[in-house]
Every structure is written in C-alpha cells, then in structure tokens.
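Residue numbers (our numbering), protein chains in the order written: chain L, 1 to 354; chain H, 355 to 856.
Hints were generated in silico from the structure; no laboratory data involved. For every residue, glycine included, the Cβ atom is placed at its ideal position computed from N, Cα and C. Wrong hints could be hidden among the right ones.
[As the list claims (entries may be wrong)] For each label pair, taking beta carbons as the anchor points, the in silico distance ranges come out as: (1) H:S738 / L:W235: 20 to 30 angstroms; (2) L:L250 / H:A503: 53 to 63 angstroms; (3) H:H376 / L:R346: 39 to 49 angstroms; (4) L:Y334 / H:E472: 51 to 61 angstroms; (5) L:L48 / H:P734: 31 to 41 angstroms; (6) L:V291 / H:K833: 25 to 35 angstroms; (7) L:P329 / H:A493: 29 to 39 angstroms; (8) L:V291 / H:D814: 34 to 44 angstroms; (9) H:S738 / L:Y37: 36 to 46 angstroms.
[What the hints assert, rightly or not] Under the rule of at most 30 angstroms between Cα atoms (straight-line distance), these lysine-lysine pairs were calculated in the DSSO-like manner: (10) L:K338 / H:K808; (11) L:K350 / H:K360; (12) L:K351 / H:K549; (13) L:K350 / H:K809.
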Amino acid sequence: MQETLACSPHAHNSMTVRRIMLNVCLALLPCTAWGIYSYGLPALLMLLTTVFAAVATEAFCLKLLKQPLTRLQDSSAVLTGWLLALSLPPWAPWWIAVVGGFFAIAIGKQIYGGIGQNLFNPAMLARVALLISFPLQMTTWPLPTFVSGYSPGIFESFGIIFGNTALPDGVTGPTILGNFNTEASLGTSATDFFASSFSLKDSFFGTTPGSLGETSALLVLLGGIWLIVSRVITWHIPVIMTLSAGVPALLLSLFLPEKFLGFNFHVFSGGLLFGAFFIATDLVTSPASKVGQIIYAFGCGFIDFIIRVWAGFPEGIGFSVLFMNALTPLIDLYCRPKIYGRNLNRQPMKKNLV
Amino acid sequence: MFSFAKIKGGIHPDENKHLSNHKPIAKALLPDHVIIPLSQHLGAPANPIVKVGDSVKTGQVIAEAGGFVSAYIHSSVSGEVKDIGEYPVPHASGLKNLCIKIKRHGDEWHYLPRLSLESSADILIERLREAGLTGMGGASFPSNIKYLAKDKIHTLIVNAAECEPYITADDMLMRERAEQIISGIKIAQKILKPKSVIIGVEDNKTEAIKILKKALAKENGDKSSGIRRVWPLANSTTFYENLQISLAVVPTKYPTGGEKQLIQVLTGVEVPSGELPSSVGFLCQNIATVAAISDAVLEGMPLVKRIVTVTGRAVNSPGNFEARLGTPLSELLDQAGADQDKVSRLIAGGPMMGQVMKTTDVPLVKGCGGILALNEQEIPQAESSPCVKCGKCVNACPMGLVPLEMARHTKYKDYDGAVDFGLTDCILCGSCAYVCPSHLPLVQYFQFAKGELKKQSDQDRRLDYTRQLSEVKRARLKKEADAKAAAKAAKAKKRKRTTNPA
Ligand code: SF4
Ligand code: SF4
Numbered sequence: 001m002q003e004t005l006a007c008s009p010h011a012h013n014s015m016t017v018r019r020i021m022l023n024v025c026l027a028l029l030p031c032t033a034w035g036i037y038s039y040g041l042p043a044l045l046m047l048l049t050t051v052f053a054a055v056a057t058e059a060f061c062l063k064l065l066k067q068p069l070t071r072l073q074d075s076s077a078v079l080t081g082w083l084l085a086l087s088l089p090p091w092a093p094w095w096i097a098v099v100g101g102f103f104a105i106a107i108g109k110q111i112y113g114g115i116g117q118n119l120f121n122p123a124m125l126a127r128v129a130l131l132i133s134f135p136l137q138m139t140t141w142p143l144p145t146f147v148s149g150y151s152p153g154i155f156e157s158f159g160i161i162f163g164n165t166a167l168p169d170g171v172t173g174p175t176i177l178g179n180f181n182t183e184a185s186l187g188t189s190a191t192d193f194f195a196s197s198f199s200l201k202d203s204f205f206g207t208t209p210g211s212l213g214e215t216s217a218l219l220v221l222l223g224g225i226w227l228i229v230s231r232v233i234t235w236h237i238p239v240i241m242t243l244s245a246g247v248p249a250l251l252l253s254l255f256l257p258e259k260f261l262g263f264n265f266h267v268f269s270g271g272l273l274f275g276a277f278f279i280a281t282d283l284v285t286s287p288a289s290k291v292g293q294i295i296y297a298f299g300c301g302f303i304d305f306i307i308r309v310w311a312g313f314p315e316g317i318g319f320s321v322l323f324m325n326a327l328t329p330l331i332d333l334y335c336r337p338k339i340y341g342r343n344l345n346r347q348p349m350k351k352n353l354v
Numbered sequence: 355m356f357s358f359a360k361i362k363g364g365i366h367p368d369e370n371k372h373l374s375n376h377k378p379i380a381k382a383l384l385p386d387h388v389i390i391p392l393s394q395h396l397g398a399p400a401n402p403i404v405k406v407g408d409s410v411k412t413g414q415v416i417a418e419a420g421g422f423v424s425a426y427i428h429s430s431v432s433g434e435v436k437d438i439g440e441y442p443v444p445h446a447s448g449l450k451n452l453c454i455k456i457k458r459h460g461d462e463w464h465y466l467p468r469l470s471l472e473s474s475a476d477i478l479i480e481r482l483r484e485a486g487l488t489g490m491g492g493a494s495f496p497s498n499i500k501y502l503a504k505d506k507i508h509t510l511i512v513n514a515a516e517c518e519p520y521i522t523a524d525d526m527l528m529r530e531r532a533e534q535i536i537s538g539i540k541i542a543q544k545i546l547k548p549k550s551v552i553i554g555v556e557d558n559k560t561e562a563i564k565i566l567k568k569a570l571a572k573e574n575g576d577k578s579s580g581i582r583r584v585w586p587l588a589n590s591t592t593f594y595e596n597l598q599i600s601l602a603v604v605p606t607k608y609p610t611g612g613e614k615q616l617i618q619v620l621t622g623v624e625v626p627s628g629e630l631p632s633s634v635g636f637l638c639q640n641i642a643t644v645a646a647i648s649d650a651v652l653e654g655m656p657l658v659k660r661i662v663t664v665t666g667r668a669v670n671s672p673g674n675f676e677a678r679l680g681t682p683l684s685e686l687l688d689q690a691g692a693d694q695d696k697v698s699r700l701i702a703g704g705p706m707m708g709q710v711m712k713t714t715d716v717p718l719v720k721g722c723g724g725i726l727a728l729n730e731q732e733i734p735q736a737e738s739s740p741c742v743k744c745g746k747c748v749n750a751c752p753m754g755l756v757p758l759e760m761a762r763h764t765k766y767k768d769y770d771g772a773v774d775f776g777l778t779d780c781i782l783c784g785s786c787a788y789v790c791p792s793h794l795p796l797v798q799y800f801q802f803a804k805g806e807l808k809k810q811s812d813q814d815r816r817l818d819y820t821r822q823l824s825e826v827k828r829a830r831l832k833k834e835a836d837a838k839a840a841a842k843a844a845k846a847k848k849r850k851r852t853t854n855p856a
C-alpha cells in the first residue's frame with residue numbers, strides 16, 4: 001500500500017490508546033487511595049508488586065516477540081496490573097501478586113497476540129485462576145485498619161506481604177456476601193440478616209472487608225462517572241449491568257423477602273459496581289456495537305446475580321465477565337448495526353418512490 | 355409532511371469556521387495563466403476543440419463533453435491557448451492529467467444567450483449542459499444528467515449543510531447572494547416540478563439562516579407559514595407557501611452534508627444501497643450549484659468561476675475568494691497570505707475528505723470549495739498502533755458499518771470479507787478514522803480496498819467481454835457453417851431431384 005501521501009481525514013479528536021488507559025488509571029485513584037487508607041501499607045506493597053509484575057511481564061513478552069518496547073507506553077500493562085490488584089484481597093501475599101500479574105499479561109494477553117487480540121479480560125482471567133488455585137489466600141479478608149484497630153508498621157507490612165508473618169486474631173473477617181452465604185446455610189433468613197448485618201452506609205463509604213478497590217461504592221461511582229464524562233466509556237454497559245443484577249434482586253426480594261436480599265445489598269456490596277464500570281467496560285473484550293454491548297452487559301450482570309444467589313461462590317463478577325467475553329465474538333457477529341440503505345438482512349432496500 | 359430523523363453516528367470535529375466566516379467574498383485577482391483540466395467531473399473527460407495558438411474568450415467552449423456522462427469545459431479567461439498537455443491536477447493519486455493551458459490577455463466575455471423562467475424544461479436542461487454545470491459540492495456529477503431524471507423527482511433538496519470544518523464558501527454565498535440562490539431554486543422547480551423543495555442548513559450558520567429567511571419571506575410576499583419545531587432537536591423548519599420552499603435547520607454534525615445523510619436527516623428516507631437518490635425520488639443539489647444555475651440561465655454565464663475558502667493556520671488572512679477555474683492554487687494562497695514555511699500540509703477540499711496536494715501548481719477545479727494550508731499543530735501527529743477493538747469507529751460510522759472489521763479484512767487482502775462488513779457502502783467520510791484511538795489509517799485501507807475491488811471487477815468485465823466476443827464469433831461461425839451445410843443439403847436435394855425425378 002502506498003504510504004507516501006497522508007490520507008484523509010486530516011483531523012483527529014486526539015484521543016490515543018495511552019490517553020484512554022491513563023484516564024482509567026485516573027478514575028481508579030479515588031477507590032485506590034481509599035483502599036490503601038483502609039488497609040494500610042501492606043495493601044500498597046501488594047498493589048505495587050502486582051503492577052510491577054504485570055509491566056515486567058509485558059516488557060519480557062515484547063522482547064521475546066521482538067516488538068518495540070515503546071509499546072509499553074500505551075500503559076495498558078500498568079492498568080491491567082492495577083485492576084487486578086484492586087480485585088485481590090488487600091493483604092494477598094507477594095507470590096499471589098506476582099503469579100497474578102504474570103498470568104494476566106502472559107496468558108491473558110500476549111499469548112493471543114498482544115493488545116487488542118485477547119479474548120478474555122486479562123485481569124479477570126488472572127483473578128479467577130488465582131481464586132481456583134489458591135482459594136484460602138484469595139478469601140482471607142482483613143478488616144479495615146480503623147475497624148480492627150490493627151495497623152501494621154513497616155516491618156510487619158513487609159512481613160505480611162513478602163514474609164510469612166501470621167496475622168493476629170481478629171483482624172480478618174468475612175465479606176458481607178460470604179457472610180450471607182454462611183448465614184443462609186445456617187438457616188438465618190434474609191430479612192434478619194439484612195436487618196442485623198447490612199448497612200448501606202458502610203457499603204457506600206467502604207468500611208466492610210472486601211477486595212482492595214471495591215469496598216466503597218461511592219468512590220467507585222465517582223471514578224465511573226469520570227470515565228463517562230471523559231468519554232472513555234458510555235453509560236450503556238455500567239448502567240445495564242448494574243440494573244440486570246439489581247432488578248432481579250429487587251423483584252425476588254419483594255416476593256420472597258425471607259430468602260433473597262434486595263437491590264441495595266446486591267448493588268452496593270461486593271464487586272458489582274467496580275466490575276460494571278471498570279472491568280466489563282474493557283475496550284478490547286466487550287462488543288463493539290451498542291446493541292451488542294447491551295446484550296453483553298445484561299449477561300454480565302444477570303449471570304453475576306445467579307452466581308451470587310445460587311452458586312457456591314459468594315461473588316461472581318469474574319466468572320460472569322469471562323463468560324460474556326467468550327460470547328463477545330459471537331455477539332459482534334450477530335449484532336452488527338443496520339447499514340444505511342439496506343434492510344436488516346443486509347440486502348439493498350427496495351426502490352420505491354416515497 | 356416530513357419528519358426529522360437523526361443520522362447514525364457522526365462526529366463533532368473542531369469547526370474552525372471562525373477563521374474565515376466573517377470575511378466577505380473577495381474577487382480573486384485574475385491569474386496570468388490558467389490551467390484547465392479536461393476531467394473535472396465524474397464520467398468521461400471532455401474533448402478539446404481548440405488548438406495551441408487559438409485565441410479564446412472568457413466563457414468560450416474549449417472542450418466538449420466526451421460522452422453522455424461528461425461536461426463541457428469553458429475558458430475562464432480571455433487569451434491564447436498555450437498548451438494542451440499533462441499537468442498536475444488536484445487528485446489524490448498525484449498524477450498528471452490532460453489540461454489546457456491558457457495565457458491571459460484580458461477578460462473579454464463570450465456569453466450564452468439569456469434565458470428566462472419562461473423557457474421550457476428541455477431548453478433549461480440543455481442550458482445546464484452547455485454551461486458545463488457540475489455539482490460543486492465535491493462529487494462533480496454533471497448537472498444536466500441529474501435533471502434528466504426529472505419525472506422521477508418529487509423532492510429537491512438543496513444542500514447548504516457545509517459540514518466540513520474550516521470551509522465557509524457556501525455560508526458566505528448564502529449571506530451575500532440569497533436572491534441568486536432563490537432564483538436558482540425557481541429554475542430547478544421549473545425543470546423538475548417537485549412536490550417540495552427543502553433547503554437544509556446546519557444550525558451553526560446563524561447569520562446565513564437569518565439572511566436566507568429574510569430573502570425567502572420577501573419573495574414569498576412577506577409571509578411564511580408553518581414554522582415547525584421538532585423535539586428534541588430544537589431546530590425548525592420554515593415553510594414558504596407561495597414559493598413552495600422549506601428551509602430546514604438541522605443540528606451541526608459531521609457528515610450531515612453527505613448527500614445520503616442529508617436526505618435521511620431531512621426526510622427519514624434512506625437511499626437504497628447502490629442506487630442514486632433519484633431512485634427514491636430525490637434530487638440533491640449543492641447550494642453553490644443552485645447559484646450557478648441561476649447565472650447560467652438568467653445571465654448566460656457558463657461555469658468559469660466559483661467561491662473557494664482559502665484557510666488554515668498557515669495562512670495569515672484566511673478568506674473566501676471568487677476565483678476563476680484553472681487558477682493555480684499558489685496564486686490564491688498568495689492572496690490569502692500563506693506562509694510557505696509554516697505550511698505542513700496542503701489540502702484541496704476540507705480536512706475530513708480533502709486530498710493532500712504535493713504542489714501548489716495544481717489548478718482550482720469545479721468541485722473544490724476549500725484550500726487548506728495547515729500548520730504543524732493542526733494535523734494529527736500520533737503514529738498508528740494495533741486496533742484495540744474499542745468500537746468507537748462503529749459508533750461513529752454514519753452508514754452503520756463495522757470499520758474495524760473492514761480494515762482487518764483489507765489488511766489480510768480479504769476484500770470479500772471487507773465487503774461483508776460494508777465496504778461497498780462506505781462513503782469514505784473519515785468519521786471512523788477521526789475517533790480511532792489507535793490512529794489507524796482506516797480511510798486509506800478503504801480507498802485501497804475499493805481500488806482493488808474495482809480492478810477486479812474491471813478485469814471480470816473485460817473477461818466477460820472477451821468471452822462474449824468469442825461467443826458471438828462462435829455463433830457467427832456456426833451460423834455460417836449451418837448456412838453452408840443447409841445450402842449444400844439443398845443443392846444435394848436439388849441435384850437428387852433433377853437426377854432422380856420421382
Ligand atoms: S469512512 Fe466509511 S467506514 Fe468510516 S465512518 Fe465513513 S462511511 Fe463509515
Ligand atoms: S476505533 Fe480504531 S482501535 Fe477502535 S475498534 Fe475501531 S479501528 Fe479499532
């Protein structure tokens with residue numbers, strides 16, 4: 001192809017991949033800052049380790065594939081590592097962080113041929129792989145330091161992440177989703193549980209245990225709104241995904257309040273909002289057309305709800321997103337926009353004098 | 355009667371119209387020489403009818419239409435034909451093309467006889483042909499051909515959207531020559547007898563809209579009726595009953611000025627894929643062409659000049675010039691005070707669909723409404739990187755195509771795959787490339803793929819043709835052989851009869 005003369009258009013909205021990635025990072029700042037405030041220095045160490053592992057793996061793969069290292073500039077590896085870290089338990093040991101970062105980039109992305117080629121969301125792929133391989137470490141949830149009153153110092157922090165320092169008693173606790181699963185199996189009714197254990201305020205501001213980045217619904221929303229305002233994403237995926245988990249929850253809890261928890265519980269606790277704004281909206285692995293995105297978002301939200309309520313895992317964002325990722329090529333194939341001047345079967349419209 | 359429909363996708367690039375939209379139309383200085391390409395229109399090139407050394411007048415025919423779809427070419431100055439040969443022309447290929455070079459001695463006009471609204475439709479159409487009129491919005495389709503389909507046309511759409519950034523030529527035309535536009539529309543009405551006429555203007559041209567409304571109201575006998583506001587677009591259509599003309603103000607969005615998009619936004623109708631607007635009863639005409647029709651009919655003035663915006667940030671005093679066709683762009687750039695050192699890209703047309711010119715020696719042609727001299731900051735710099743499947747191109751495409759897949763298939767030379775995702779319906783508007791965060795040269799891919807497909811179909815057609823020829827030949831030989839055999843048989847029979855009378 002002749003590359004000599006510049007081709008039209010001679011204008012651009014000046015968006016670049018790097019800019020998109022950095023915008024997402026910016027949007028992650030509030031909930032990250034809150035996570036580090038809540039879980040102290042060990043959380044910061046875990047975050048940095050994960051990001052470092054991801055970037056190092058990316059550099060290594062680029063080198064191996066003989067691609068220019070300048071590709072690193074697009075910051076996508078930083079973002080993947082960061083997202084992964086935010087979805088891990090805040091005090092996950094270093095090897096979880098390293099294995100996760102490596103897995104996300106090497107298996108989740110580069111094996112497929114690098115940026116844009118991967119089928120699955122790298123961060124979620126790594127998270128689910130870790131959850132299946134190391135269920136104990138992946139479900140050890142520290143309480144926020146201001147709740148437990150235990151805030152590890154520098155040496156202790158390094159010990160927790162890089163060493164084998166055992167945690168003192170009483171500094172860990174179940175997430176609220178996990179808690180409900182346990183209680184329900186013991187026969188507690190949803191109504192009682194809701195009244196005794198759920199506080200919308202806690203979930204909203206983020207004072208309950210959970211993954212590093214997803215505890216505060218408020219700050220996740222803040223970042224998410226920034227993403228929409230800066231036009232990195234549109235409202236479709238987050239809103240529809242949230243509703244398609246929240247609305248079934250609402251309906252079921254209206255009819256069977258004994259067994260099911262309602263809208264507020266499902267939407268504001270766990271990783272639903274975080275997943276809806278930051279995970280499911282991943283450019284590469286979500287469908288391209290609006291209709292496709294709507295179907296995809298519905299699937300992500302609804303499957304997450306089903307997993308939470310009926311499957312063995314307390315949280316299902318990772319699974320539901322991966323499942324819909326797998327369907328994305330199919331969705332893209334069947335949900336193409338209607339072409340101007342053609343009917344829905346993509347045949348030219350009839351000539352008729354209107 | 356009509357409903358607004360939104361166009362799909364589309365973008366809002368920086369308009370940059372403020373650079374030149376306060377500058378009245380200035381008459382460009384007459385150039386020393388003009389270079390007039392013989393192919394400024396869609397269809398066959400014109401055939402020159404002058405020789406080197408002939409003296410010609412302004413408005414004199416120098417080349418005749420070279421086929422049914424073709425156009426007359428007129429001299430745009432009076433002087434002497436210096437050369438008929440290959441010169442660089444404003445075309446993306448950067449190739450040279452046959453042109454007539456005329457040295458100017460003066461500006462003595464040769465007019466066609468004046469006609470009036472009383473003339474018959476056929477005479478008026480013939481006048482469009484004689485005057486060498488072609489669409490002036492970019493595609494340069496010979497106008498008389500469009501009007502020949504007059505019996506099918508129920509709606510005339512006057513395209514005054516001017517959605518390309520930077521360009522203000524049509525805007526200024528409306529502000530300064532509203533009466534001429536209205537008389538042009540009346541002529542078109544006379545030819546077509548359409549049920550309705552809609553002028554479509556983007557709402558960023560407030561001044562032009564005001565002036566046009568005033569002129570229309572005056573012609574209409576100072577009463578307009580049926581102002582309609584359409585929710586949620588907060589734009590209005592004003593209907594002038596005596597004139598049977600509507601003025602529709604549409605939201606500013608690129609590419610509303612595309613023929614298909616404008617029809618869609620004004621009427622909700624989609625032109626079937628692969629067909630002309632006339633197949634659904636529309637004739638879409640650029641507003642500059644409408645004004646030229648008025649000149650051609652009422653003044654007997656062939657198409658020898660046009661209004662062109664010379665702008666960009668490498669130009670010190672951007673403006674709108676009425677210039678003779680064939681004027682070298684260098685002269686127009688000089689008059690606008692272009693700073694040659696600052697120019698990092700020279701474009702004929704607008705920034706979205708315009709073509710890069712390698713040299714300023716190329717001439718102004720009928721379809722060129724803008725000359726852009728952009729400085730370094732104005733052109734996109736980023737290098738392209740792999741597609742991230744973000745889908746932004748899909749949502750920006752006004753035609754409902756899947757640009758990322760079209761590009762991917764083109765890359766692997768699978769042009770049929772690209773067609774499957776919409777290549778044939780692509781209007782090369784560039785909206786997809788404008789939003790692509792990976793800065794992929796999407797339009798370049800599509801131009802290339804379209805070229806390859808054309809090559810392929812040309813080849814197929816040629817093969818078909820040879821096959822046809824050989825079939826005809828075979829048929830002829832067979833017929834001859836049959837005839838011979840028949841004759842022989844007849845003879846034999848005859849002989850038999852003679853030798854053996856029963
Ligand atoms: S250039 Fe073609 S594919 Fe791209 S937006 Fe325009 S019509 Fe769609
Ligand atoms: S806009 Fe560019 S990067 Fe995004 S899907 Fe289209 S071609 Fe790929």
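Now the hints, each set against the structure:
Between S738 (chain H) and W235 (chain L), the C-beta spacing of about 29 angstroms keeps the proposed range 20 to 30 angstroms intact. Distance hint check: the CB atoms of L250 (chain L) and A503 (chain H) are about 59 angstroms apart, consistent with the given range 53 to 63 angstroms. The hint said 39 to 49 angstroms for the Cβ distance between H376 (chain H) and R346 (chain L), and at roughly 46 angstroms that hint holds. Taking 51 to 61 angstroms as the suggested C-beta distance range, the pair Y334 (chain L) and E472 (chain H) conforms, at roughly 59 angstroms.
At roughly 35 angstroms, the beta carbons of L48 (chain L) and P734 (chain H) sit within the given window of 31 to 41 angstroms. As the Cβ distance of V291 (chain L) to K833 (chain H) is approximately 59 angstroms, the hint placing it in 25 to 35 angstroms is violated. For the pair P329 (chain L) and A493 (chain H), the beta carbons lie near 37 angstroms from each other, so the given range of 29 to 39 angstroms is met. For the hinted restraint 34 to 44 angstroms between V291 (chain L) and D814 (chain H), the CB-CB distance of approximately 36 angstroms keeps it satisfied.
With their beta carbons about 41 angstroms apart, S738 (chain H) and Y37 (chain L) fall inside the hinted range of 36 to 46 angstroms. Only pairs whose Cα atoms come within 30 angstroms are accepted, and K338 (chain L) paired with K808 (chain H) is accepted, the gap being roughly 25 angstroms. Using a Cα cut-off of 30 angstroms, the hinted pair K350 (chain L) and K360 (chain H) holds, with the two alpha carbons roughly 21 angstroms apart. Between K351 (chain L) and K549 (chain H) the CA atoms are separated by roughly 19 angstroms; this keeps the pair inside 30 angstroms, and the hint holds.
For the given pair, K350 (chain L) sits about 28 angstroms from K809 (chain H) by alpha-carbon distance, which is consistent with the 30 angstroms threshold.
Of the hints listed earlier, the one the structure fails to meet is number 6.
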